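What follows is each chain in one-letter form.
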Amino acid sequence: VPDENPLEAGLRLRRRPDPCILIIFGASGDLTSKKLIPALYSLALRGLLPEKFGIVGAARTEETHAQFRARMKQAVKDHARDPFEEEVWKKLAHGMRYVTLDFADDKGEDDLRDTLTELDEEVGIGGNRVYYFAVPPSAIGTLVEEIAERRNADGWIRLIIEKPFGHDLASAEELNTEIKEHFAENEVFRIDHYLGKETVQNMLALRFANGIFEPIWNRQFIDHVQITVAESIGIEGRAGYYEQAGAIRDIFQNHLLQLVAITAMEPPIDFTADSVRNEKVKVLKSIHTPGPKHIVRGQYGAGFVEGEEVRAYREEEGVAAGSMTETFVAAKLFVDNWRWADTPFYVRMGKRLARRETTIAIQFKRAPHPPFEDGAAEGLRPNVLLIHVQPNEGVSLAIGAKVPGQGMTIRTVHMDFLYGGAFREGLPDAYERLILDAMLGDATLFTRSDEIVEQWALVDAIVATWQRDRPSFPNYAAGTWGPAASDELLHRDGRSWRRN
Amino acid sequence: VAKELARGFEDTWTGEDVTIAQIERELARLRDESSKDGAQPNLRTSVMTHIAWVPPEWQSRAEETLAGMAERHPSRTLLLVPRPDEADGLDGLVSLRCFPIGDRAICGEVIELTLRGNRASAPASIVLPLLISDLPVFCRWRGEPVWDSAELDQLIGIVDRLIVDSTEWEDLPGSYAQLVELFGSVVVSDIAWERTERWRSLLASLWPGIAEVEQISVKGTRAQAYLLAGWLRSRLGHDLDVEVEEHDQLEGIALDGKPAEFPPGNPPNASDVLSAQLDRFARDPVYEAAVRATAGV
Chain A
1163 VPDENPLEAG LRLRRRPDPC ILIIFGASGD LTSKKLIPAL YSLALRGLLP EKFGIVGAAR
1223 TEETHAQFRA RMKQAVKDHA RDPFEEEVWK KLAHGMRYVT LDFADDKGED DLRDTLTELD
1283 EEVGIGGNRV YYFAVPPSAI GTLVEEIAER RNADGWIRLI IEKPFGHDLA SAEELNTEIK
1343 EHFAENEVFR IDHYLGKETV QNMLALRFAN GIFEPIWNRQ FIDHVQITVA ESIGIEGRAG
1403 YYEQAGAIRD IFQNHLLQLV AITAMEPPID FTADSVRNEK VKVLKSIHTP GPKHIVRGQY
1463 GAGFVEGEEV RAYREEEGVA AGSMTETFVA AKLFVDNWRW ADTPFYVRMG KRLARRETTI
1523 AIQFKRAPHP PFEDGAAEGL RPNVLLIHVQ PNEGVSLAIG AKVPGQGMTI RTVHMDFLYG
1583 GAFREGLPDA YERLILDAML GDATLFTRSD EIVEQWALVD AIVATWQRDR PSFPNYAAGT
1643 WGPAASDELL HRDGRSWRRN
Chain B
1485 VAKELARGFE DTWTGEDVTI AQIERELARL RDESSKDGAQ PNLRTSVMTH IAWVPPEWQS
1545 RAEETLAGMA ERHPSRTLLL VPRPDEADGL DGLVSLRCFP IGDRAICGEV IELTLRGNRA
1605 SAPASIVLPL LISDLPVFCR WRGEPVWDSA ELDQLIGIVD RLIVDSTEWE DLPGSYAQLV
1665 ELFGSVVVSD IAWERTERWR SLLASLWPGI AEVEQISVKG TRAQAYLLAG WLRSRLGHDL
1725 DVEVEEHDQL EGIALDGKPA EFPPGNPPNA SDVLSAQLDR FARDPVYEAA VRATAGV
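So the protein lines, in turn, are chains A and B. Letter by letter, the first sequence follows residues 1163 to 1662 of the working numbering. Letter by letter, the second sequence follows residues 1485 to 1781 of the working numbering.
Chain A on its own, in the form it takes in the complex (with noise of 0.2 Å):
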């Protein structure tokens, strides 16, 4: 009998992974129930998840196995993307058990080893182990240890971790070396959800894949790149953690950067974790810290969302009255190499903006002398290759094109693929794609322990010369797109924000 399986060939489901049973701490908290279990459902759906497996879920919350399954099951109707079917759940809450865990609590972890070693009996999976922290950085380094305590020879581990991975330079330092002194790099995931999205992905196709663009990926043919993540919901109850993190933890350390890193990348040599990710990280090594000119940071007052009176942050439940916390910023960032040198990446993000926005924006050089009368041109704009990155995902080509009649008049029109036009299947969720890809050992769309820490080392620079100045918040009001200054950061280079 050969080794490898012959039957596989061909099958579309080839990328099942090995038996296993995926662990997750913090399985009383919201990401399990709205993401992680209704991505494990959908992936059920689909035929994706091994024959056998197993999921348990560890948190301090006393709950029992059947108190978990009951509400991991509501929580698949209620959040995931698919239908619920009895059959398919009934399969997943077979191999589902729940244990109560104090974190530092030796007593928790061998009744999780324990749980673990009935499973592994019980359904035959043979000692393969996920564990996935849905837990804040601090309680990470002693969770890793008593794994480590427990490892047996059997099988192998990967370890999901959650953002944030660390609140500064130092503290993920020391959290990669915790990790590091029990488990080897292509064990360890470092979760950005944002990486998980198709249409982040996308942006490797549209730049890879097309003749067209990469020869004119470059400063010679592109005026600037502006990269908005604008989130028009407020702090929905997280002040303890937003507090702490403010937007430059919360999402510049970590989406935004990801998004300039994998818009200015060059190409890898082959699509292997190791490959893409040293790309990645050539860009943040040549991001230049931004001087207090070239950052700009907010913090939202009262105003109004999507037509709904919305307080202001200072007044949102948990957060101090005098709260200097930032909900937005915005930067000029520089990408000094070869390909980007004096190409401004104008980026921006926060919360209570105008609306819901995830998008990248290559804006291009204006032709160099249109031939037209004057006037003909007028109210044209540069060509500008739109990438949503959520909503309407898909991209948009902006041109110019003659209006219709005599004469010629040019004005600008928009090229679009849509996503849900072109390919009308649901797109999988971010955390489907990602809980699967570590399952199966493949990295490629984690961050790697030298990425977090380029990408701490730029934010605890920026955040440095944040502590000589006191802004003036709130500085902008909730449903606009952010403090005067923002706008301000670009006009004094001659440009503006694109209308969004």
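Just so you know, the hints here were simulated from the structure itself, not pulled from any lab data. All of these numbers come straight from a predicted model, not from anything done at the bench. Just so it is clear, CB atoms sit at the ideal spot from N, CA and C, and this is done for glycine as well. Just so you know, nobody snuck in bad clues.
Listed next, with one range per pair, are the computed distances between beta-carbon atoms: (1) B/L1619 - A/D1436: 27 to 37 Å; (2) B/R1567 - A/T1606: 53 to 63 Å; (3) B/G1499 - A/F1579: 25 to 35 Å; (4) A/F1579 - B/R1513: 18 to 28 Å; (5) A/R1528 - B/R1513: 36 to 46 Å.
Starting from the known structure of chain A, fit chain B onto it as the hints suggest.
The following block gives chain B in isolation, referenced to the frame of chain A:
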């Protein structure tokens, strides 16, 4: 407009003894009229040209499948209904089918052509002017192809992929030998094969326990039974017996008398299965080997 968009909309035009130019003109008019004054124009997104060769006895079933598929694969669909026994001529039914996406609509086009008399034997000359440039062309052939016919030969010459459903064939497994002859000329896929995908995944998960299996019993269509047996023969490298309990869909498999567990999830519907075929472009060597093993060639 919003109310109309919420449920999608369709606009049609029909004509008898039409020309291709007339059809193109009417289609352009429908597209133009589908965008309301002052609103953003609808998107004409296409990923392919989809040809369906549909003898009259298959027409209603083909339209049913198409209705479920059009939304998933925005395309230009050319439904060709051959009626060689009628007087020469070409009748057309042109429809624009739009589906909401945000505040805009995505429109697909369906051109149903009845090829009367001699027109039925010259489909390529009718199809060629209507293909969307630079996009792949798929042809779904309903029923069993007339293997040595000019129509099949012509359409194979202009399409990137021929999609059949061997469940619709009478002479099994004999017709598989005819199908093998086409493998060198066009990429072929088979909906009967696609419908076994979930079961093949399940059987693959039983490896190596089934490496020496000697008999497969299938409760399903004959096509599925033969293809699964051919697949096991070609992949495992030894012969095995096949037993069929005929049923209109794949309901169960037993290996050496031992029933296999049911695969998870529900079987896909006809539109989903065809849709899955339209996402594939390359030859499927595993399928071709299974057909060869089934046909004994």
